[in-house]
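Participant: These are the residues of each chain, in order.
There are 2 protein chains.
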Amino acid sequence: MTQLDIATDETERLIASNKVEGTAVYNRDGDRLGSIMNFMVGTRSGKVEYAVLSFGGFLGIGNDYYPLPWDVLTYDTHQGGYVIDMAKEVLEKAPRYSREQEPRFDRAYGEQVYGYYNVPYPYL
Amino acid sequence: MTQLDIATDETERLIASNKVEGTAVYNRDGDRLGSIMNFMVGTRSGKVEYAVLSFGGFLGIGNDYYPLPWDVLTYDTHQGGYVIDMAKEVLEKAPRYSREQEPRFDRAYGEQVYGYYNVPYPYL
Numbered sequence: 065m066t067q068l069d070i071a072t073d074e075t076e077r078l079i080a081s082n083k084v085e086g087t088a089v090y091n092r093d094g095d096r097l098g099s100i101m102n103f104m105v106g107t108r109s110g111k112v113e114y115a116v117l118s119f120g121g122f123l124g125i126g127n128d129y130y131p132l133p134w135d136v137l138t139y140d141t142h143q144g145g146y147v148i149d150m151a152k153e154v155l156e157k158a159p160r161y162s163r164e165q166e167p168r169f170d171r172a173y174g175e176q177v178y179g180y181y182n183v184p185y186p187y188l
Numbered sequence: 065m066t067q068l069d070i071a072t073d074e075t076e077r078l079i080a081s082n083k084v085e086g087t088a089v090y091n092r093d094g095d096r097l098g099s100i101m102n103f104m105v106g107t108r109s110g111k112v113e114y115a116v117l118s119f120g121g122f123l124g125i126g127n128d129y130y131p132l133p134w135d136v137l138t139y140d141t142h143q144g145g146y147v148i149d150m151a152k153e154v155l156e157k158a159p160r161y162s163r164e165q166e167p168r169f170d171r172a173y174g175e176q177v178y179g180y181y182n183v184p185y186p187y188l
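So the sequences go chain by chain: A and B.
Going by the numbering used here, the first residue of the first sequence is number 65, and it counts up by one from there.
Going by the numbering used here, the first residue of the second sequence is number 65, and it counts up by one from there.
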């Protein structure tokens, strides 16, 4: 994620998890892809392994969940949301899961997800 | 934080931010200290710099907020919440802020907070 311009807010260098949850995600064309449901954080590392994009239904009902590497997201003050540089069609083929079928979030899954976005997977 | 025993849940290795928010925090004596309000995450690093403990009022109203280094918290399956190894009196003197007066979360603040808990501050 890129640093923001707002100097006195925590959004400059830090961002509050509960403010990110629900924030819209767009692509470069301005298409709204969905919104951030939550972060998946390494219990030992304290590092965000995925920001989970909710896409489809309405805030958790009937949605698909797309785990995204943190670095894929850039905050865009103009859009007032996160931007990922990806066509909607690419996202539609991305690794996803339903609420009923959460993945194990193990190393193999991480490599699959990060690989899809061409980001090296740092096992945390 | 310590790894949990539950093998198939994401709580084994990863934890969802929105599940942590609202989770109770206890000390070693079993005193309930408050609950986790949110995580403050480095926008560049993707690392949780603080887990913010809400203490005093009721879920955000009239509360004080105690930013805690991630490593201070340990999940305790028995308690069903986080445990910090600290007397209530120690927490009462810890760095805190009110909703109306959020700190800048800069390096000086980080060193102050982490220093209070005797954790080296990794500027993220």
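Check the hints yourself; a few may be wrong.
[As the list claims (entries may be wrong)] Derived coverage of chain B by chain A (criterion: at least 3 residues anywhere in the stretch with Cβ under 8 Å from a Cβ of chain A; other residues may be distant):
#1 87 to 97
#2 155 to 166
#3 173 to 181
[Claimed, not checked] Just a sample of chain B residues kept apart from chain A, beta carbon distances all over 10 Å, derived:
#4 Leu78
#5 Val84
#6 Asp140
#7 Pro184
[As the list claims (entries may be wrong)] Computed list of lysine-lysine pairs in DSSO-like fashion (alpha-carbon distance at most 30 Å, straight line):
#8 Lys152/A x Lys157/B
#9 Lys83/A x Lys152/B
#10 Lys152/A x Lys83/A
#11 Lys83/B x Lys157/B
#12 Lys157/B x Lys83/A
#13 Lys157/B x Lys157/A
#14 Lys157/A x Lys152/B
#15 Lys152/B x Lys83/B
It should be emphasised that the hints constitute simulated quantities derived from the structure, not laboratory data.
None of these values were measured; they are calculated from a predicted model.
Glycine included, every Cβ here is placed at the ideal spot set by N, Cα and C.
Participant: All hints are to be evaluated individually against the structure, with a verdict given for each.
Facilitator: Hint check:
1. Figure legend: the stretch 87 to 97 of chain B, annotated as covered by chain A; annotation inconsistent (0 residues with Cβ-Cβ distances under 8 Å, at least 3 required).
2. Coverage of the stretch 155 to 166 of chain B by chain A is violated [criterion: at least 3 residues with CB-CB distance below 8 Å; count 1].
3. Counting residues of the stretch 173 to 181 of chain B whose CB lies closer than 8 Å to any CB of chain A gives 0, so the stated coverage by that chain is violated, three being the minimum.
4. The beta carbon of Leu78/B is not kept farther than 10 Å from every beta carbon of chain A, the shortest such distance being approximately 4 Å.
5. Its closest Cβ contact with chain A, about 8 Å, brings Val84/B to no more than 10 Å, contrary to its assignment away from the interface.
6. At the 10 Å boundary, the C-beta of Asp140/B stays outside the reach of chain A, the nearest C-beta of that chain being 12 Å off.
7. Residue-level check passed: Pro184/B sits 14 Å from the nearest beta carbon of chain A, beyond 10 Å.
8. A threshold of 30 Å between alpha carbons decides the hint, and for Lys152/A with Lys157/B the separation of about 50 Å lies outside it, so the pair is violated.
9. Under the criterion of a C-alpha separation no larger than 30 Å, the hint pairing Lys83/A with Lys152/B is consistent with the structure, at around 29 Å.
10. Restraint check for Lys152/A and Lys83/A: the C-alpha separation of about 24 Å stays at or below 30 Å, so the hint holds.
11. Among the hinted pairs, Lys83/B with Lys157/B is consistent with the structure: their alpha-carbon atoms are about 28 Å apart, no more than 30 Å.
12. Taken as a hint, the Lys157/B and Lys83/A pair is honoured in the structure, with Cα atoms around 27 Å apart against an allowance of 30 Å.
13. Taking the CA atoms of Lys157/B and Lys157/A, the gap is near 51 Å; set against the 30 Å cutoff, the hint is violated.
14. This hinted pair does not check out: Lys157/A and Lys152/B have alpha carbons roughly 50 Å apart, beyond 30 Å.
15. Using a Cα cut-off of 30 Å, the hinted pair Lys152/B and Lys83/B holds, with the two alpha carbons roughly 24 Å apart.
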